[in-house]
Amino acid sequence: MTRLSPPVGRTVTEAVPRPLDPPSDEQQAEPVHPWQVVVWNDPVNLMSYVVWVFRRLFGYPVEEATRLMLRVHHEGRAVVSSGPLEKAELDCYRLHHHGLWATLERAP
Amino acid sequence: MTGFRRRGPEIDLDLPEEELGLLLLALPLLEGVRPDDPADPAARRLRYRAHAEDETAEARFRELTAGLLEADRAADRQRFASSLQRGTLGPEDAASWLRVLSEARLALAARLGLDREDGERPPARGGAAVLADLFGCVADELVGLLLAEP
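Listed in order, the protein sequences are those of chains A and B.
Position in the first sequence (from 1) plus 18 gives the number in this note's numbering.
Position in the second sequence (from 1) plus 12 gives the number in this note's numbering.
In isolation and in its complexed conformation, chain B is listed as follows (with noise of 0.2 Å):
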């Protein structure tokens, strides 16, 4: 797969329509998940933690940090759908591509049971699975090009 085609500063996009509308579906599954929902995988996975033994500490830094998350995350979702759009990537685009895919990755393989630190997976394939491979796919491709520079 050569989805990526780098042009100067610039990274142009050459991925086929479907799947272009497959990667847009990041969109919408970012925005499905409520940070707060504690019955979400994917809203506990999206859920980080600074101060782990310190609850004061990691209230300050909460307090600090979360709606900046969320700010910075619908920025990058913006990023992501307009330079899609358009059919290139600035170096910024890029950045906000990896980390919505790595993102949008995290989240689904959280619903899946797919991150578990053990190794063992439930054999879940489906598409959402095939839609965790095409970003990871993707993610890795646009990273081989972006470390790829010198």
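This is chain A alone, in the form it adopts within the complex (with noise of 0.2 Å):
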């Protein structure tokens, strides 16, 4: 890697550190995954399909999405995808093509 030296001659100014002002309400980052994804229970789709749903729209390993599944049957609902808004409904769109109830809601 090449060693960048200041010209000779010159003088580098050094930066001082100094704190950064509090960021007012306009400026407050959103949460990085301010939405998720909710997968609600149903009594007929198989639960072998859902596991498949799971991995082949999120790559889940088989365990991470049969854990989830199984989640949604015993639970009634699971989160199973979250982020910026426009993410969600994509995947929203995605399980509702494929046949699952799923639905939006703000992360906590």
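Just so you know, these hints were derived from the structure itself, not from any lab.
Remember, it's a predicted structure, so these values are computed and weren't measured experimentally.
Quick reminder that beta carbons are idealized off the backbone N, C-alpha and C, glycines included.
Hints should not be assumed to be uniformly reliable.
To be verified - Not close to chain A: a few residues of chain B, all C-beta gaps over 10 Å, as computed:
1. Arg-18
2. Asp-26
3. Glu-29
4. Gly-33
5. Leu-39
6. Gly-44
7. Pro-47
8. Ala-71
9. Leu-76
10. Asp-84
11. Gln-97
12. Asp-105
13. Leu-118
14. Ala-121
15. Asp-127
Claimed, not checked - Here are the computed distance ranges between Cβ atoms for each label pair:
16. Pro-126(A) - Thr-14(B): 29 to 39 Å
17. His-91(A) - Thr-100(B): 38 to 48 Å
18. Trp-58(A) - Pro-28(B): 29 to 39 Å
19. Gln-97(B) - Val-97(A): 14 to 24 Å
20. Arg-74(A) - Glu-82(B): 20 to 30 Å
21. Leu-88(A) - Glu-43(B): 49 to 59 Å
22. Leu-103(A) - Glu-31(B): 22 to 32 Å
23. Leu-88(A) - Cys-149(B): 16 to 26 Å
Stated by the list, open to error - Chain A stretches covered by chain B per the calculated footprint, using a threshold of three residues with CB under 8 Å from any CB of chain B:
24. 63–69
25. 72–83
26. 106–117
Fit the two chains together into the complex; they arrive one by one in their own frames, and the hints show the way.
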């Protein structure tokens, strides 16, 4: 790696660290994952099919996809993905296309 | 039942002719579901909400996706029919098969009252219930084959 040195005859101004001003209300950053996609239990879709859908859409390993499917089955719902609104809506649409009951909600 | 045989990236159908004929009944069933028919339980089941408590956001979501969902479902039915006639499924054909069979099961279950959350199911038998069972068996076998992939 080439090491850079200041040109001869010129001085380097040292940056003086100073604390940043706290962000104003308008500048407050959105949470990283402000929306989450929830899949709800239904008594018709096959358990194996739901596992396959979670793998296909979100790339979960079989074990994780199965864990999420069982959470839907036993607890009635499970969060399967999260992200900005546009991504969450796309995920929700893809789940609808696969016949799964999915809704969006704000991440806590 | 072993209705599918893996052959490299493709899957060969090994189902009897009469079963293939029954599977094709999924198509008129689904084509007969009018998405906005409030009197049809199948239409209500296949209509989804993304924003359960925000009507404005839901209207925007529906405007963006309703036509797309219909087009995607029609494309699935087309893939399902053509690959069934061909006797071989590519990976995307198999995905379309699973979506069509699942959607058809959902529609039948809704009309037969088999989708009640309270677990109380009417003793509905007959042709529609047998068809729903067949769709479920075939879908379960196909998904088992797909999940067995590394």
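Here's how the hints hold up against the structure:
1. Arg-18: Given a closest Cβ separation of 15 Å, the condition holds.
2. Asp-26: Nearest chain A Cβ is 20 Å from Asp-26(B), so the label holds.
3. Glu-29: 25 Å, holds
4. Gly-33: 23 Å, holds
5. Leu-39: 16 Å, holds
6. Gly-44: 17 Å, holds
7. Pro-47: Consistent with the label, Pro-47(B) stays out of reach of chain A, its closest Cβ about 12 Å off (over 10 Å).
8. Ala-71: Ala-71(B) clear of chain A: closest Cβ-Cβ about 13 Å, beyond 10 Å.
9. Leu-76: 8 Å, violated
10. Asp-84: 5 Å, violated
11. Gln-97: Its Cβ never comes within 10 Å of chain A, the nearest being 23 Å, so this holds.
12. Asp-105: Non-interface label on Asp-105(B) holds, nearest chain A Cβ at 14 Å vs cutoff 10 Å.
13. Leu-118: Its Cβ does come within 10 Å of chain A, the nearest being 5 Å, so this is violated.
14. Ala-121: 4 Å, violated
15. Asp-127: 5 Å, violated
16. Pro-126(A) - Thr-14(B): 29 to 39 Å: 47 Å, violated
17. His-91(A) - Thr-100(B): 38 to 48 Å: 34 Å, violated
18. Trp-58(A) - Pro-28(B): 29 to 39 Å: Given a distance of about 36 Å, which is inside 29 to 39 Å, the answer is holds.
19. Gln-97(B) - Val-97(A): 14 to 24 Å: 40 Å, violated
20. Arg-74(A) - Glu-82(B): 20 to 30 Å: 21 Å, holds
21. Leu-88(A) - Glu-43(B): 49 to 59 Å: Since Leu-88(A) and Glu-43(B) have Cβ atoms about 34 Å apart, the given range 49 to 59 Å is violated.
22. Leu-103(A) - Glu-31(B): 22 to 32 Å: Given range 22 to 32 Å: violated, Cβ gap about 44 Å.
23. Leu-88(A) - Cys-149(B): 16 to 26 Å: Between Leu-88(A) and Cys-149(B), where Cβ atoms are some 22 Å apart, the hint holds.
24. 63–69: That given contact holds, which follows from 5 residues of the stretch 63–69 of chain A lying within Cβ reach (below 8 Å) of chain B.
25. 72–83: It holds: at least three residues are needed, and the stretch 72–83 of chain A offers 3 whose Cβ sits within less than 8 Å of chain B.
26. 106–117: holds (count 7)
Of the numbered hints listed earlier, those contradicted by the structure are 9, 10, 13, 14, 15, 16, 17, 19, 21 and 22.
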